[in-house]
Amino acid sequence: MLRVAVIAFLFLWGNAMANELAIGHVKNVSGDAFVTTGGKKTKADIGSPIQQGSVLETGKKSSMGVIFKDETVMSFGADTVFTVDEYSYAPAEKKLKFGSKLAKGSLNYVSGVIEKLKPDAVTVGTPSGVIGVRGTQFLLRVEE
Amino acid sequence: MKTLLSGRTNTSAAPFACSVVAIATMTLLGGCTPKYYVQQGPCPTCEPAPKSYVVLIPSPDGTVGEVVVKGEKGEQTLKNAGQAALVDGQALQIDDKQIKQDFGSTMAALPTIPVRFVLNFSSGITLSPASAALLPKIIAEAEARPAVDVTVTGHTDTLQTFEYNEKLGLRRATRVADQLRQQGLKANSLSIESDGERNPLVPTPDNTFEPKNRRVEVSVR
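Residue numbers (the numbering used here), protein chains in the order written: chain H, 1 to 144; chain E, 1 to 221.
In short, the hints are calculated from the structure, not lab data.
Virtual Cβ for every residue (Gly too), placed ideally from N, Cα, C.
A few of these clues could be false.
What the hints assert, rightly or not - Where chain E lies over chain H, by a calculated footprint (3+ residues, C-beta under 8 Å):
#, stretch
1, 32-43
2, 65-72
3, 76-86
4, 97-108
5, 122-135
6, 138-144
Bound-form chain H, shown alone (with noise of 0.2 Å):
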């Protein structure tokens, strides 16, 4: 019984822990979509929390949308690798980033208020440039 009551807490505990660090979430899924954290890799569900360092996978005819804390939506469209490499939105004390790369794959970029806040704190990397971004949509492919 105490180690149910245990194990019970720790999952609890590990999804609150999931939901404080998460900086975004899977808003829709449509086929195949993974979200890797810490080097876990989960089906991605709508509602599947997102942080600094997860890497989100899609797969063959497959798509996925997601929002950050700070209002930036993307969507990804089939077999796309994309990696939040660095993420921070804390408008009062000044820190404000947002880092990516789009390894594979397609990417609809909506900006959020980290550029209204801080033009040139946020990046998109691909294979061969980098992408700044400046209060706007885009639209970016990158194949391999």
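Fit chain E to the given chain H structure using the hints.
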């Protein structure tokens, strides 16, 4: 797809790459349209579709920002809607048909754009009547989103001490979050935060009364 790139330098592979591209392009676009690509590759009449590129489009609010692309082959600043560049930094002309083909399903997966409300206080932690009347609208926006995440952040002006204002901001945010829950808000995550006097809407010196800074911001996403 590597052969398409190597076709530029490897002449023996070029005829094969060219025919593959021509067939693929004709199948996909129903014809051979030479207009949309920078001059490269061995095909004389039918250029391959670009593989890695970025296109600037208007924001959901209608404004157009800026994207700077820096790569191995140069740097492009995109400022106009529809302007594009290869990710290696070369300029690119691309037509809507190709954009639709490459990004149609990606764009269809874009979640509903978030909304943010600013609520003001008539005194202490009591919302002004106009702001209180916005609560049902906030809940309606929340209900329109799957697994909605909500952040309620309290702010103050610079009257009182820094520490007092940290707590006052939290009391304001907690009060608003309670009211939202009482009126039926259900969220995937609801976070209650205080920026105290550190994040004013209107910057002021210390010890300044400013009603616009006495506020709670609610992010619904």
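Q) If you check each hint against the structure, which ones fail? A) The structure conflicts with hint 1 only, although it agrees with all the remaining ones.
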